[in-house]
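S.K.: With the hints as a guide, bring both chains together as one complex.
Each chain, letter by letter, is given below.
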Amino acid sequence: MSEFEVLGLAPKFNLDPAELEQAYFAAQRQWHPDRFLTQSADEKAEAAVKSTQVNQAYQTLKTPLLRARSLYAVLVGTLPESSQSEALLQDMMALQEKLMEDPEAAKAEVGQELDNCELHLVNAFDGDLEAVPELIERYAYLVRLKG
Amino acid sequence: MLLQLTEPGQTPEPHANERKVAIGIDLGTTHSVVAMVVNGQPKVMRLEEGIALIPSAVSYDGKTQVGHAALHTGSALTSTKRLMGRGSDDPIVEQFPRAIKVSDSMVTLQAHAHKTVTPVEVAADILRHIKSKAKEALGEPVGQAVITVPAYFDDAARAATKDAAQLAGLQVLRLINEPTAAALAYGLETGAEGIYAVYDLGGGTFDISLLKLEKSVFQVLATGGDLTLGGDDVDHALCQALDLQPTQEHLWAVRQAKEALADGEEVTLSSVPNLKVSQADLEKACQELVGRTISISQSVLEDSGLQANQITGVVLVGGSTRLQAVQQAVESFFHMPPLTDIDPDQAVALGAAIQAHGLSDGSDNLLLDVIPLSLGLETMGGIVEKILHRNSPIPAMAKQEFTTYQDGQMGLLVHVVQGEREFVDDCRSLARFELAGIPPMPAGTARIEITFMVDADGLLTVSAKELTTGMAQQVEVKPTFGLSSEEMASMLEASLAHGREDMENRLLQESIVAAGRLINELQSALDQDGSILGLDEYKSLRALMDQLKVGLESNDRDTIQACHENLEEKSRNFAELRVNTRLVGVSGD
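First to last, the sequence lines map onto chains G and R.
Using my numbering, you'd call the opening residue of the first sequence number 61 and step up by one each time.
Using my numbering, you'd call the opening residue of the second sequence number 8 and step up by one each time.
For reference, chain R alone in the conformation it holds in the complex (with noise of 0.2 Å):
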C-alpha cells in the first residue's frame, strides 16, 4: 500500500483501511449498468435520475460529460466499446465517422475541435462518472469492482478494458465474461441446476455461452460469439431499408422505432414525419443478424459435444433480446421458449455485484470459466500453431518446444496470434517479440521453450526460455494493440490529483478551445484580406500566430493564454482594418 492514512503506532479501525465498496459494472456498448450486493441481496444501483441504464456516452464540449447528459450536448461519442483493443484496419472503425487512424494498432477519435480521445479514454470516463456517482448514493468512495467483458473479447480487448478501469482509478477484483454474470444471477435467483445457454445480444456484441449449473459451481462449457454484432448493427440495418443516412439523429430515431415495436406492429419515425415502420420492416432488418447468432449458436454446441435436447433451458440477456424476431430464432432452435424470467438489461450486472461481493468477502460460487479464442504461435511459412485451444478452462498454462532452423541462428522472432483459422494474416495478431542472444549452435540444436499463461481474467503471458542456457524472456501481451507502458503511465501521472486535475484540465482545454478559434479565424482573415496590410505587420501577425501554435503544443494553460492575448492585441488593428475596408466595398457596390 501507497499510503497510510492512520498515524504508526495507532490502530485503525478494523478494516478502516483496507475495506473498499465493491460494485459490479456492466460496461454495456450502449448503456452501463451498476450494481452491488446491499444484505446480501444483490441489487442495481440507479445513479441517473433514477434511472439504472446509464448510456455510455461520453461528451467532451469544454467539459467532460457522461451519461444523458452527453447525449443531450448531441456531440457525444458512442457504442465505443466497438473499439475497444481494435486496430485501425478492423472495419468496424468504418462505422465511427469520428474515428482517426493514428497508426495500425492505433485508433482515436475526434472528441471535440482540438481534443482527440482513445476508446480506452472513454471508457476510463465513464468508469469514473459511475465511481463518482456511486461514491455520491452510497457516501462513501467506492475503490473496486468487478467489470464484466464480452465473452468473445480478445486478449486486446481485455487488456485495454483494465487499462480503462486503471485509468479511472478503480481496482479490478475480477475481469468476468457477460454471460457468465447472467448465469450466476439466473442461477442463484432460481436454484437452476442443468445445462443452460446464455443468449446475450447486446449493443455491439453477441456471445453464448453453455454452462453446467450445479450447487453453486457454474461451469462455462463452452463459449462462442461476434464481437462486430448487436443491435447496433439492427439499426444500421434499418436506416439501409428505409433509405435514410445513418446520421447520429437517424439512427436514434430507428433505435426508438425499433424499442416500441418490441410491443406493437407498426410506429412513426419520431424525426422524420410520416415514415412509418412495421414489425415486418424490422424483422427483415434482422434477419441476417439473427441469422448470424443462430449459426454460431450451432457452432458452440458442436465444440461441447451437446445436442439441442440436452439443453435445460436457454436465458436471454441484453437489451436486444427483446427484438421478437430474435426470441422466435431462439425458440426454433432450441426447441423451446426462452426464459424471460430476468430483466435481460440487468441479469449481467447483478451477476457481477454477487461475484464482486463473493470476491472480496468470501462466497461458495465457483465460476470456471474458458479461453474464447485459440492462442498460437506463427510458425514457417505463416502457419498457426495453436499452444492453447478455445473452451479451455482458465488459469490455463500450455508450454511448446521449438528450435533454431540456421546454423548459428542467434535470434528467435515470436509471433502470438489469437484466433481459430490456419493461417497468421487471418488471426488476430496480439504482439511480437524478440528473444535474443541464443548461444550459436547448428541448426536445431537450441532448445526454446515458449509458454502461453492465461490468468483467471482471460489475459495472457507469454515467456520464452533457451533451455539449453536457461536464458528467459517474458512479455505481457499488450504492446500491439493495447497501451504501451509508457503511455499508460504518463496517462496514470495525468490522473492521479483527479479533483483538482480535473477542473485545470477543463481550465487548460477551453483556453485551447479559444484558441484554436482565434488561429483560425484570423488564418481565413489573412487569407481573404491579408492584403489589406503592410508586410511587416502581416509577416508580424503570422510570427504571432505560430508561436500560439508553438504555446499550444506546451499544454500549458498560461503559456497559451498569454500568446493568445498577444496575438488579440497585436491583431486587432487587422481587425478594423478590415471592418473599413468591408464596409468601403459594401457602401461601394
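Chain G on its own, in the form it takes in the complex (with noise of 0.2 Å):
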C-alpha cells in the first residue's frame, strides 16, 4: 500500500499541504487507538498498525524528498536509482566550494537552489518522468548542503 493510498490521496507531487493535513487528519480520526480504547484486543492492534502507517505516510508525504521517492515508486514501480549525472557532481562540488567560502550566501542560494528543484520535479513529474530520478537526486544533496 502507497503512503497516497493509506491517506486516500490521489497519486501527486503538487501535494497541497492543507489537502494533505485534512486528509491525515481524517484517518486519525478514523483508526487513532484513543478511538479504540473500549475495543477487544484485536481491534485494538489493528488500530495501532494503522494509526502508525497513517503517521508514517504522513511524515513521508509532508517531506518534499521522501514524497518524491515515494512518488516515482508508484509510477514506476521501482525506487529511483542513481543517475551517476556528471553535471549534477561538478553543481555540487562548486555549492560545496562557495559554502567554504561564503557560508550566508552560499546558503541562501542552497534555498533557491531546492525552490527551483522542487518546481523542476512538478514539472517532471507530468510529463517527463525519465528526467525525474536526477532531480530525485539533486534535491537530496540540496537538502544535505541545507544541513
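Source of the hints: derived by calculation from the structure; they are not laboratory data.
Just so we're clear, the structure is a prediction, and the values are computed from it rather than from any experiment.
Here a beta-carbon is modelled for each residue, glycine too, at the ideal position from N, C-alpha and C.
Keep in mind that a hint or two might mislead.
Taking CB as the label site, the calculated pair distances span [unchecked claim]:
1) R:K222 <-> G:T123: 22 to 30 Å
2) G:M153 <-> R:E196: 51 to 59 Å
3) G:L139 <-> R:Q247: 52 to 60 Å
4) R:E290 <-> G:G68: 51 to 59 Å
5) R:A315 <-> G:D188: 37 to 45 Å
6) G:L126 <-> R:I58: 47 to 55 Å
7) G:A105 <-> R:N573: 55 to 63 Å
8) R:L420 <-> G:L126: 26 to 34 Å
9) R:A315 <-> G:K167: 44 to 52 Å
10) G:L149 <-> R:E429: 22 to 30 Å
Over the 12 Å line for every Cβ pair with chain R, so calculated as not near, a few chain G residues [what the hints assert, rightly or not]:
11) A168
12) Q172
13) E173
14) E190
Every beta carbon over 10 Å from chain G, so not counted as near; a handful from chain R, in silico [as the list claims (entries may be wrong)]:
15) D68
16) T235
17) L276
18) E290
19) Q294
20) E295
21) M387
22) F409
23) D433
24) I526
25) G537
26) A550
27) K556
28) Q568
29) E575
M.R.: Structure, rendered in C-alpha cells:
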C-alpha cells in the first residue's frame, strides 16, 4: 500500500499542504488508538498498526524529497536509482566550495536551488518521468548541503 | 477480567462491572491536582480540606501519610518526581540529601530510620491516596485514570509513572503530556484555533509545546524541555543568593516569599527574622532559569519551522509561570502578552479529566502527540544511529537493517539510547539486550532488522529479527532504569490485598522501627559499659542481638516481636547494672 493510498489521496507531487493535513486528520480520526480503548484486543492491535502507518505516510508525504521518492515508486514500480550524472556532481562540488568561502551567500543559494528543483520536479512528474531520478538526487544533495 | 462479581447465569446491571469512574491526574513535582468531568464539564476535585492542590509529599513515620498531613510531620519526602526514571549518577540526585545510590540504575530514598523507598513507590503512595480520597468524595471506586507526564519525560520516566499507577491499583487509560493536556483544556474552553505555544514551568520541570488547534484536533508540532528546570531551582538559587543553607525549612520559607512576591515588591522571610527578599532578589535568582527556558523555546520554534510571528497565542501553565520575570521574558520573546485566562495550576488536570472522559465514553477530540527525544542505537565506535527522530508523531515505528562485522559472529549486542547527541556517552541509555543464536555466516551477510515501536503512551518497544532465519527477539524497554519485571511482580503481590495488607504493613513497620531502636541503644550501651558484664552474659546478649537482626530480615512481625521481647528481657539485668554503676560513678565524682 502506498503512502498516498494510506491517506486516501490521489498520487501527485504538487500536493496542497492543507489537503494533506485534512486527509491526515481524517485518517487519524478513524484509526487513532484513543478511539479503540474500549474495543477488543484484536481491534486495538489493528488500530495501532493502522494509526502508525497513517503517521508514517503523513511524515513521508509532508517532506518533498520523500514524497518524490514515494510517488516515483507508485508510478514506475521501483525506487529511483542513482543517475551517476557528471553535471550534477560538478554543480554540487561548486556549491560545496562556495559554502566554505561564503557560507551566508551559499546558504541562500542552496535555498533558492531547492525551490527551483522542487518546481522542476512538479513539471517532470507531469510528463517527463525519465528526468525525475536525477532531480530527486539533486534535491537530496541540496537538502544535505543545507544541513 | 480476573474477577467475575456476579453469579453465573445472572445478567449484571448494564456496565455495572466494567464501568468505572475515570479521573484525570496531574501528578506534579510539588503538587498534584485531580479533576473529572461532571455533567459534561471538567471540574477540579477538592480532595484535601477543600483545597485542589495536594502536596506531592509522603511521610513514612510509622504510618504512610500523603499531602498536607505528610508535610506537617516535617519529615516528608518531596519533589521525588524529579527522580522518576533517573539513574544514581544523574546530577539531580545531589539535590536529594536522603537519596541512596543503590546501583547505577537505582536510587532509593531514606523514608525513615529503617525504611527506604523508591521514587516509584512514593508516586504510588500519592496515587493511592488520590484514589482513596476520590472514592470517599464520589462514593464509588475510581479504577481508571489519565495521568499526565512532562512532555520531555524520557522513556524510563514514563515507564516508571505507569509502574507507579499499577502499584496503586489504577488502570492508566493513557499517559498524556502536560502541555497537550493544558492545550486541550484551553482550546475547548475558549474555542481557540491556530498555532499555540504552551509554556509549562512547574515545580521541577519545564516543557514547551507548539500545537495546532483546529476543530477538536490538537496536533503537537514540536516539543522540547528540561527535566531539571523548575520552581525548585529558583528556591535553591534564592537560598544561595541569601546565603542560606538549602534546608527543607529554608526552602519552604523562600518558596513562600517567592509566592508572596507575585503581587508585592518586598517580603520578610517567615522563618528567618529580619531577612527581607525583594522583587530584585527574586528576579536575579530567576535569571538563569528563565534564560534557559527561552533558549529551549527558541530551538523548539526552529524545529517546527515556524517564526514567532506565526504563533497565535502563548498559554502559561504551571505555578512557576506566576513569576513576573517569567511572564516578562515570555512576552518579549513571543512579542505578545501571554494568555493568563486559565488557572495555571489546574489546566493540566482539567485536560487530563477531559481526555479520561473522552477515552472511556467516546469523544470527537483528537490528540496527536509526538516523541520528545530521538531514539537510536549504538553502532561501531560509540556513535548513535537515530532510528526515530524527535517530534515524530506517535504511535510510531521505524526499522533499520544491520549486519554482522565478523565471520561466524553468533550474537549482536543491541544498545538502545535516547537523546539528540551524536555519541552514546552523551545520550541516555535505555536498554541493552543481546540477539543470540545468529547462525554462523561470513561477515556482512547476516541481515538483522531492528524495529522501534512507540505506542500512544510514548513507550518504546524494540525488537530484533535475523531475516535469513526469522529468529526474533523482543524487549520492552524498561530493564535498565525502571523496575525489573520480577521486582514489579513482587511489589504488586505485596500491594494486592490492600486494606488488610496496609494495616499489617504498618504494624510490621512499627515493629521494625522499635526493634531497630532497641538494637541501637543496646549496641551503644554494650560499647560503653559492656565491661561490667561477665563474658558469658556479654556473649549471650550479642547473640540475641544478632538473632533480632536476622529476625528483622524475615519481615515477619511475629518473629521480630518474639526476638525483640526475648532480647529486652535478657538485657534487663544489664540495664539495671548499668544504672547502678552509673549512680555509683556519679556519686563517686
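S.K.: Would you mind marking each hint as holding or not holding in the structure?
M.R.: Consistency of the hints with the structure:
1. R:K222 <-> G:T123: 22 to 30 Å: holds, 25 Å
2. G:M153 <-> R:E196: 51 to 59 Å: About 57 Å separates the Cβ atoms of G:M153 and R:E196, which means 51 to 59 Å holds.
3. G:L139 <-> R:Q247: 52 to 60 Å: holds, 59 Å
4. R:E290 <-> G:G68: 51 to 59 Å: The hinted range 51 to 59 Å holds for R:E290 and G:G68, with Cβ atoms some 54 Å apart.
5. R:A315 <-> G:D188: 37 to 45 Å: 41 Å Cβ-Cβ, so the 37 to 45 Å window holds.
6. G:L126 <-> R:I58: 47 to 55 Å: holds, 52 Å
7. G:A105 <-> R:N573: 55 to 63 Å: Since the Cβ atoms of G:A105 and R:N573 sit about 59 Å apart, the hinted range of 55 to 63 Å holds.
8. R:L420 <-> G:L126: 26 to 34 Å: Check passed, 31 Å falls within 26 to 34 Å.
9. R:A315 <-> G:K167: 44 to 52 Å: violated, 21 Å
10. G:L149 <-> R:E429: 22 to 30 Å: Distance hint for G:L149, R:E429 holds at roughly 28 Å.
11. A168: With a cut-off of 12 Å, G:A168 remains clear of chain R, as the shortest Cβ separation is near 17 Å.
12. Q172: Answer for G:Q172: holds, closest chain R Cβ roughly 18 Å.
13. E173: Answer for G:E173: holds, closest chain R Cβ roughly 18 Å.
14. E190: Fine: 30 Å to the nearest Cβ keeps G:E190 off the interface.
15. D68: Answer for R:D68: holds, closest chain G Cβ roughly 40 Å.
16. T235: The claim holds: R:T235 sits with its nearest Cβ about 29 Å from chain G, beyond 10 Å.
17. L276: holds, 47 Å
18. E290: holds, 37 Å
19. Q294: holds, 32 Å
20. E295: holds, 30 Å
21. M387: Holds, because the least Cβ-Cβ distance between R:M387 and chain G comes to about 22 Å, which exceeds 10 Å.
22. F409: holds, 20 Å
23. D433: holds, 20 Å
24. I526: holds, 52 Å
25. G537: holds, 66 Å
26. A550: Since the minimum Cβ distance to chain G is about 58 Å, R:A550 lies beyond 10 Å and the statement holds.
27. K556: holds, 49 Å
28. Q568: holds, 48 Å
29. E575: holds, 56 Å
Of the numbered hints stated above, the single one contradicted by the structure is hint 9.
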